[in-house]
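Asks: Sequence:
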Amino acid sequence: ATAAKLHEFADNGGRIFCIEAVPDRSTGWSDYEKRDLEVQGWVRKMETYPDRFIFINKPASDFLGWYKGVQEKYGIKPYVKIREPKTFVTQVRYQADEAELFLFNNSSSKRSTPLDIIFDKNVIKHKQAWLWDAVTGKRFKLELKDGHLHINLGPADSRLIVFDHHKKGIAWKAGPVAGKNLKELNNKWNVEFRHYDGTVKKEELDKLVDLKELPAYAHFAGTVIYRKTFQLTDDQTLNYLNLGSVYGICEVRVNGVEAGIQWFGRRIYPIDGLLREGVNEVEIKVVTVMVNYMKTLKDNVVAQYWTNLKRKDQPLQSMGLAGPVTVY
Numbered sequence: 080a081t082a083a084k085l086h087e088f089a090d091n092g093g094r095i096f097c098i099e100a101v102p103d104r105s106t107g108w109s110d111y112e113k114r115d116l117e118v119q120g121w122v123r124k125m126e127t128y129p130d131r132f133i134f135i136n137k138p139a140s141d142f143l144g145w146y147k148g149v150q151e152k153y154g155i156k157p158y159v160k161i162r163e164p165k166t167f168v169t170q171v172r173y174q175a176d177e178a179e180l181f182l183f184n185n186s187s188s189k190r191s192t193p194l195d196i197i198f199d200k201n202v203i204k205h206k207q208a209w210l211w212d213a214v215t216g217k218r219f220k221l222e223l224k225d226g227h228l229h230i231n232l233g234p235a236d237s238r239l240i241v242f243d244h245h246k247k248g249i250a251w252k253a254g255p256v257a258g259k260n261l262k263e264l265n266n267k268w269n270v271e272f273r274h275y276d277g278t279v280k281k282e283e284l285d286k287l288v289d290l291k292e293l294p295a296y297a298h299f300a301g302t303v304i305y306r307k308t309f310q311l312t313d314d315q316t317l318n319y320l321n322l323g324s325v326y327g328i329c330e331v332r333v334n335g336v337e338a339g340i341q342w343f344g345r346r347i348y349p350i351d352g353l354l355r356e357g358v359n360e361v362e363i364k365v366v367t368v369m370v371n372y373m374k375t376l377k378d379n380v381v382a383q384y385w386t387n388l389k390r391k392d393q394p395l396q397s398m399g400l401a402g403p404v405t406v407y
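If you're matching positions, the sequence shown starts at 80 in the numbering used here and goes up one per residue.
Source of the hints: derived by calculation from the structure; they are not laboratory data.
It is possible that part of the hints are untrue.
[Said to hold, decoys possible] Now the in silico label distances, taken between C-beta atoms and shown as ranges:
#1 Lys-204 x Gln-119: 40 to 48 Å
#2 Tyr-128 x Lys-224: 51 to 59 Å
#3 Pro-193 x Gly-277: 24 to 32 Å
#4 Gly-352 x Asn-266: 22 to 30 Å
#5 Trp-211 x Pro-157: 56 to 64 Å
#6 His-244 x Asp-115: 56 to 64 Å
#7 Trp-211 x Pro-394: 32 to 40 Å
#8 Lys-391 x Leu-293: 21 to 29 Å
#9 Ile-98 x Asn-266: 51 to 59 Å
#10 Lys-217 x Arg-355: 42 to 50 Å
#11 Val-171 x Ile-135: 16 to 24 Å
#12 Ala-295 x Glu-163: 18 to 26 Å
[Said to hold, decoys possible] Cross-link-like lysine-lysine pairs, in silico, DSS-like; alpha carbons within 25 Å at most:
#13 Lys-124 x Lys-189
#14 Lys-252 x Lys-224
#15 Lys-364 x Lys-280
#16 Lys-280 x Lys-247
#17 Lys-291 x Lys-280
#18 Lys-224 x Lys-246
#19 Lys-113 x Lys-160
#20 Lys-124 x Lys-160
#21 Lys-204 x Lys-262
#22 Lys-262 x Lys-165
#23 Lys-189 x Lys-152
#24 Lys-377 x Lys-291
#25 Lys-206 x Lys-189
#26 Lys-307 x Lys-262
#27 Lys-189 x Lys-374
#28 Lys-204 x Lys-189
#29 Lys-364 x Lys-267
#30 Lys-156 x Lys-206
#31 Lys-377 x Lys-364
#32 Lys-220 x Lys-189
#33 Lys-160 x Lys-262
C-beta atoms are modelled at their ideal positions from N, C-alpha and C, and glycine is treated no differently.
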């Protein structure tokens with residue numbers, strides 16, 4: 080059925096690119112020999128359209144440059160352009176009735192990146208741009224000039240941009256990454272390690288660091304609770320708490336009030352109204368991955384198979400709150 084639809088697509092003017100291989104098999108085992116011959120028959124029919132059924136090889140490296148060359152050679156006009164593409168940033172377009180949806184995703188867990196994006200005018204014509212927050216369900220209005228959008232993706236971050244005919248809504252305002260009156264909270268943290276095995280340890284860290292760099296906790300797995308107090312004078316106005324680098328799911332409380340849970344992107348929390356003059360306390364819980372601990376379970380066959388053996392040997396993963404933590 081798929082091969083027949085592809086033939087119909089090519090027969091109506093569509094182009095199909097086969098990268099380093101031409102389909103010759105069907106899916107599944109039921110009547111596979113008969114269905115393989117059917118696939119091969121449809122492929123032979125598509126091969127009668129050499130300008131629409133195209134075989135190409137891929138390079139050993141520089142896939143971005145290669146793909147750009149394919150676009151130029153075959154006149155493929157992109158519906159969205161990224162000024163400086165990154166190999167760890169992907170983009171997918173979806174279409175719905177009277178709407179265009181674009182998902183931009185940063186697959187790197189450590190790197191942030193700015194994106195300068197230009198949407199094709201014919202795709203977004205007469206439509207309003209929105210940023211949809213998939214976590215809260217809220218939608219924010221974007222004002223684009225000539226289809227141009229600048230966004231900043233944090234680690235493991237994504238943005239869903241939607242174009243439709245709705246006009247009224249709240250304008251998008253990104254939280255600042257830094258600001259005036261910045262105060263760093265990187266030194267002297269009281270830390271509680273609650274291991275998955277039920278043990279609990281407490282320590283004072285002189286500075287925040289990736290736990291895999293501490294021999295005593297490189298193979299930790301569980302919840303790490305970071306606590307710190309700091310002074311605030313009556314003439315200081317601080318509206319944001321930025322956790323810096325975090326490896327895991329984090330939950331923040333400021334003066335006993337929950338500020339939220341985050342597990343992707345930049346860990347920036349609005350804290351307006353949560354601070355007070357004098358002593359303030361911040362508590363940050365980070366739930367870590369289990370892989371570093373699993374590597375130590377020598378008698379667990381499944382754990383060893385997925386973390387230590389042959390091609391599945393996993394390097395130690397970053398864990399915990401590495402900071403720097405700032406308020407501004």
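Asks: For every hint, state whether the structure bears it out.
Replies: Each hint tested on the structure:
A hinted range of 40 to 48 Å holds for the C-beta pair Lys-204 and Gln-119, which are about 43 Å apart. With their beta carbons about 41 Å apart, Tyr-128 and Lys-224 fall outside the hinted range of 51 to 59 Å. Here the CB-CB span from Pro-193 to Gly-277 is close to 44 Å, at odds with the stated 24 to 32 Å. Range check, Gly-352 to Asn-266: Cβ separation about 26 Å, and the 22 to 30 Å hint holds.
Judged by the Cβ atoms, the range 56 to 64 Å given for Trp-211 and Pro-157 is violated: they are separated by roughly 22 Å. A beta carbon spacing of about 47 Å between His-244 and Asp-115 contradicts the range 56 to 64 Å that was offered as a hint. Distance hint for Trp-211 and Pro-394: a CB-CB separation of about 35 Å, consistent with the stated range 32 to 40 Å. The hinted window of 21 to 29 Å between Lys-391 and Leu-293 holds, with their beta carbons roughly 25 Å apart.
A beta carbon spacing of about 53 Å between Ile-98 and Asn-266 agrees with the range 51 to 59 Å that was offered as a hint. Range check, Lys-217 to Arg-355: about 28 Å between beta-carbon atoms, so the 42 to 50 Å window is missed. The hinted window of 16 to 24 Å between Val-171 and Ile-135 holds, with their beta carbons roughly 22 Å apart. Between Ala-295 and Glu-163 the beta carbons are some 41 Å apart, a value that contradicts the proposed interval 18 to 26 Å.
Between Lys-124 and Lys-189 the CA atoms are separated by roughly 48 Å; this puts the pair beyond 25 Å, and the hint is violated. Annotation: proposed proximity of Lys-252 to Lys-224 holds, straight-line Cα distance about 16 Å (limit 25 Å). Among the hinted pairs, Lys-364 with Lys-280 is consistent with the structure: their alpha-carbon atoms are about 15 Å apart, no more than 25 Å. Distance check on the hinted pair: Lys-280 and Lys-247 sit about 53 Å apart at the alpha-carbon level, beyond 25 Å; violated.
The straight-line distance between the Cα atoms of Lys-291 and Lys-280 is roughly 17 Å, inside the 25 Å bound, and the hint therefore holds. Distance restraint check for Lys-224 and Lys-246: the Cα-Cα separation of roughly 16 Å lies within the 25 Å cut-off, and the hinted pair is therefore satisfied. About 44 Å separates the Cα atoms of Lys-113 and Lys-160, which puts this hinted pair outside 25 Å; it is violated. A distance of roughly 34 Å separates the Cα atoms of Lys-124 and Lys-160; the hinted pair therefore is violated under the 25 Å criterion.
Proposed proximity of Lys-204 and Lys-262 is contradicted: the alpha carbons are some 45 Å apart, above 25 Å. For the given pair, Lys-262 sits about 32 Å from Lys-165 by alpha-carbon distance, which is inconsistent with the 25 Å threshold. Distance restraint check for Lys-189 and Lys-152: the Cα-Cα separation of roughly 35 Å exceeds the 25 Å cut-off, and the hinted pair is therefore not satisfied. A hinted pair counts as satisfied when its Cα atoms are at most 25 Å apart, and Lys-377 with Lys-291 qualifies at roughly 19 Å.
For the given pair, Lys-206 sits about 34 Å from Lys-189 by alpha-carbon distance, which is inconsistent with the 25 Å threshold. Taking the CA atoms of Lys-307 and Lys-262, the gap is near 13 Å; set against the 25 Å cutoff, the hint holds. Taken as a hint, the Lys-189 and Lys-374 pair is honoured in the structure, with Cα atoms around 22 Å apart against an allowance of 25 Å. Among the hinted pairs, Lys-204 with Lys-189 is inconsistent with the structure: their alpha-carbon atoms are about 36 Å apart, more than 25 Å.
At most 25 Å may separate the alpha-carbon atoms for a hinted pair to count; Lys-364 and Lys-267 meet this at roughly 16 Å. Pair hint Lys-156 plus Lys-206 holds up; C-alpha atoms about 20 Å apart against a cutoff of 25 Å. Restraint check: the Cα-Cα separation between Lys-377 and Lys-364 comes to about 29 Å, which exceeds 25 Å; the hinted pair is violated. Proposed proximity of Lys-220 and Lys-189 is contradicted: the alpha carbons are some 29 Å apart, above 25 Å.
In summary, the hint linking Lys-160 to Lys-262 is not supported, as the alpha carbons are separated by about 38 Å, beyond the 25 Å threshold.
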